[in-house]
Amino acid sequence: MKKQMNKVLRQTEFWVFLIIIFLALIIQARSGAFFANNNIVDIMRSMICPSLYAVCALLAFVSTGPDVSFPLVAALSSYLAITISIKINYDGPWFVVYLIGMFFGALMGALNGFIIVKYKFPSLIVTLGTSSLFSGILLGTFEAARMDLPATLQRFAELSLLTVKNEKTGLGSTLPMPFLILVAVYIAAYLVLNYTMVGRGVYAIGGDEISAERAGFNVKKIRFGIFVVNGMIASIAGLCYAVMSMRYLPNEYAGGEMVVIAAIILGGTRMTGGIGTLKGCILGTLLLTMVTNSLILVGISVYWQKVFIGAIIIIGTAIPAIQSIFGKNKGKKVKGGEAA
Amino acid sequence: MKKKLKIDDNIFRLIIILVVFLLIAGITKGNSFLKVSIFQTMGRQMAEYGLMAVGCGICMISGGIDLSCVYVANLCGISAALLMQKNENAILPAILLAIVIGAACGAFNGFLISYLRIPPMLATLGSYQLFQGISVVISNGSTVSGAPEKYTDFGMKTVAGIPAAFLVFVLIIIIMSVVMGKTKFGARVFLVGTNAKCATFAGIKNKSIIIKTYMISGIVSGCAGLLSLARINSAKADFGTSYTMQCILIAVLGGVNPNGGFGTIPGIAIAVLILQVLSSYLNTFPDVSNYYRDCIWGIALIGVLILNHVINKKKSDKLAKMGS
Chain L
1 MKKQMNKVLR
11 QTEFWVFLII
21 IFLALIIQAR
31 SGAFFANNNI
41 VDIMRSMICP
51 SLYAVCALLA
61 FVSTGPDVSF
71 PLVAALSSYL
81 AITISIKINY
91 DGPWFVVYLI
101 GMFFGALMGA
111 LNGFIIVKYK
121 FPSLIVTLGT
131 SSLFSGILLG
141 TFEAARMDLP
151 ATLQRFAELS
161 LLTVKNEKTG
171 LGSTLPMPFL
181 ILVAVYIAAY
191 LVLNYTMVGR
201 GVYAIGGDEI
211 SAERAGFNVK
221 KIRFGIFVVN
231 GMIASIAGLC
241 YAVMSMRYLP
251 NEYAGGEMVV
261 IAAIILGGTR
271 MTGGIGTLKG
281 CILGTLLLTM
291 VTNSLILVGI
301 SVYWQKVFIG
311 AIIIIGTAIP
321 AIQSIFGKNK
331 GKKVKGGEAA
Chain S
1001 MKKKLKIDDN
1011 IFRLIIILVV
1021 FLLIAGITKG
1031 NSFLKVSIFQ
1041 TMGRQMAEYG
1051 LMAVGCGICM
1061 ISGGIDLSCV
1071 YVANLCGISA
1081 ALLMQKNENA
1091 ILPAILLAIV
1101 IGAACGAFNG
1111 FLISYLRIPP
1121 MLATLGSYQL
1131 FQGISVVISN
1141 GSTVSGAPEK
1151 YTDFGMKTVA
1161 GIPAAFLVFV
1171 LIIIIMSVVM
1181 GKTKFGARVF
1191 LVGTNAKCAT
1201 FAGIKNKSII
1211 IKTYMISGIV
1221 SGCAGLLSLA
1231 RINSAKADFG
1241 TSYTMQCILI
1251 AVLGGVNPNG
1261 GFGTIPGIAI
1271 AVLILQVLSS
1281 YLNTFPDVSN
1291 YYRDCIWGIA
1301 LIGVLILNHV
1311 INKKKSDKLA
1321 KMGS
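Chains as they are written, first to last, in our numbering: chain L, 1 to 340; chain S, 1001 to 1324.
Because the hints were derived from the structure by calculation, they are not lab data.
Positions of the beta carbon are idealized from the N, C-alpha and C atoms, including for glycine.
Possibly wrong hints are sitting among the right ones.
[Said to hold, decoys possible] Cβ-to-Cβ under 8 Å is the rule here; a few derived chain S residues that face chain L: (1) 1112; (2) 1118; (3) 1294; (4) 1309.
Chain S extracted, bound-state conformation (with noise of 0.2 Å):
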């Protein structure tokens, strides 16, 4: 027997969308979107949004949510600035600085998420708010500068053409594939997420697999703000607020349910190409203000909502009339 490639229908669904988008973008406007730049661009900019939206998408499949992602990567990025100011050399203790940060961070919202119990959402919301205060206090609330110049190059460094940032991008989509479609972690992650209580009778210890999600996710987000502080050389405690609900939306479009249970880390990494396709053909229109991208991305989210939901129920009827 032949062994058929397997696709998840979301996923297949998911490349179609995106193959229409770079057709339509390719036919209407080949000349000024069809080049090498604007796509170095793209992968430029899709790197920072798409890690914190692996980030949320992990979080959600837990069956919670991250809304700190955005503020935990200027943290670390605010951080990471600081030190290479203070001294050049110190490129590596600033990397490694950065993700421990994030790490922490991760870890003090799963220790509110598991020991003390608060809904994800509010913890999330309240822990944002003192990430968001640590980073005014610490940058004086103005904008940190001055990374040497062997740290920024990374930003502005191509491979083969290919820009080292979305290299990163998908060196991270591809480890958090296999740690949570091959491992053990993985698959608990989603059990705890589809029934908490199931899992716990299931001999998972729960509030470990919560610390270590909200804990990876804090690490994204930092590598996040990392490669944003390459890229711009710059870092601010209000930088990229939007990216939240970004986020979500990226999340939400890659199939993950907001439920907790189901959603996997290639869909999220499509739909972000997606979104980033969609945003730099906007861009090529002078005339359309960036107002209406918000506007897209609102009937994007609850349209791609609806038509899961029609989706499933229609093959959930087809399984009903089947065991009848």
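Here chain L stands alone, though its shape is the one from the complex (with noise of 0.2 Å):
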């Protein structure tokens, strides 16, 4: 028991979970309307996109390195599903949109997953040099511009899983089909990182690749898999918000990575590959969702976001770094008091 009790202290995610709730404490005691009904709805809605990158960027952080791609293979692969459904007149069911998307976000990747296996560059800078080039083709050759969604996606986005009304204030709030999408996604994540030879893989390139080579995985074909897959959950992320916002927005897609990055940090990932949980991405989406979503409710100034947001990741990060400090000096401790 308590060493059961041991390990859950050790880990980030019970620290964020902490931090979490107190968050909603205080959030709940300034302007008491955070646990009213439609502000949980909304926040939910909120985090059905963060959450869904931020399974791309746990995978790329777990087995390789940062991928900072994500948001342009978003844009470029939803703008191509949505146009080419809406220039064949598409009405069939909507997941066939999804599989377009996912199709060229799976191309996308596949060539981020080509060069940084085949050259072995840093992963930072490959998808840095991709993503530029996606934006290029996006806004430059394709000129892509605001568009309505094909019908069929339309139909998609109006209809709504859940619909809560504030009575004291009388704000309405909806949770939308994709949270079903995510919810999905995660299922399907935690089975195939936790239960299958790959996803133990992934894990295991991460940690050491000498001894992953050596116990047999294949690194080469799982790191190109991860960039693939990847891909493909970033255009359903993409799918996503513009059923979301209801239409196309291709300027709103990029500049969210790093955000997400400091999500799955906070949530306990490790830089240096080898760690990382869903349940993390989760609880560090969370709670940078609440600092952004929330800071209005208690009264804080919009401008002042972007230095509590920094500040956050700042912590966040630097606590893991002095914790393990503090471990390897107990530890050499523990050493001493055996040799005397």
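Hints given; two lone chains; assemble the complex.
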């Protein structure tokens, strides 16, 4: 029992969870509006896209290194999917549009994966380069502009999972269908990462590439596969974003990557690879979403938002670093004690 | 024996690329490209992101990366502008203030990286949000302008036809080349970047070297902020956000190894020239969308990486053959 307690205490996720509860109570005490049903639904709603991106970032970090191209992969693949379905006047089930998007996302991910695996360049630099390339293709070649969704996605966007109305303030809020997609992606990712050989391989190659190779994992194939899957998840996120905003907005995608990376690092993913959980992804994203959503509720000016996010990222990343320094000292002491 | 002038292979390649671009531009668009005014504009624009690229490049040589350059520059520009708004004659204090703020921001980054052992990418990622946030707060989220004329004149001033901003850029490049190439400190930065553990065993104080490296990056970025304030007479919290990517591209183009340990300041300077020539050349085609530039930067970045990789591999294969 004590051992279990210790294990929980050592997990970063636990501390993030505590911070979230603490923050929620403060916001509730200051504004009285945090636990209102519409605010909770709002937070869930604004978590959908960042949480999907977080899976991309997690897979990349755990296995290889940072991937910053997912917002642009999302933008370009959803643009292609939506344009194609409008051009051919497609009016079948909605998920076919998603499949088209995923196909293009996979292609773009394959480009990332190919360069990273073949030349062993740092993934940050490669994905910075490809995202610049994708943005050039999207805004330069295609001259993408705002556009309406194809009819089938429009109908999909109008469905809602849950509609709540706050009795006191009269503010309402709805939870759109993409929330179910989010849940499905997380369940699939959880099962694959924890119960399949490939999933364990993702962690193994991030922990120690050479050991993983000796243990029989095909490092190159797994790494390539991860970037392809990342492209697909990014394209799902991109289409979800379009569905939730009811139209396609090409300029709204870029720039979200850094906050997502910050969120998963807060959730306990290690920069050095091999460590990171989906639980952490959700908690980290929740924390940052709460901060951006709720500062207004507490009466802090929007101007301070960036300062808060920056401070949270720095403090959040410093805590594990400091923990590991102290952990090392502790280890030394124990060793010294044994020798004496 | 004749002493050969030693030129780095990489710099040699870069100079060839630059000359080829200039020739292409001169031949195809001679009458609209080869003009004094275009070269003057180029000199002014280039100085700003060129300096940030130098800052970022030094950090990459030390084995890290600095994503916060642009936001440090903005913060410095905004605070200098605010001080000069209040007091017209406080030009010198404003410049000093900007440089001190730049140094402080850099030292903060260095502290996070060396003492708290946060990976450089993350530390500067967090701190850039913080610096941008502070800029938004002190500027109330709007554009700060109204620097005294004496100061903004500097942005338009030319010395013998050469823009003053470009001269500042050249001066800083020379200083940084000497610091990185001729001093103990420079050699230590390269050592720390090649292998931090070996550097520690060689008796180098890694922590202070890293803090100093990021401080230099901060100061150089601060100068960039001052130059852009002089040129456009305004400073804004989200000015030039696309420069971050461009700085990394320039550093890699200039021969800096993203894993640390390799790279030269003159290389970075020539890469800046190449990029500016390319970008100004594209500007002479009115029907080519600006967004194509992104596309070309992306391809150039990955292309240069692959090219360097192939060339280095050939070289090491040759050496291996000679050995056996």
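Structure-based check of all given hints:
no., hint, in the structure
1, 1112, "holds, 6 Å"
2, 1118, "holds, 5 Å"
3, 1294, "holds, 4 Å"
4, 1309, "holds, 5 Å"
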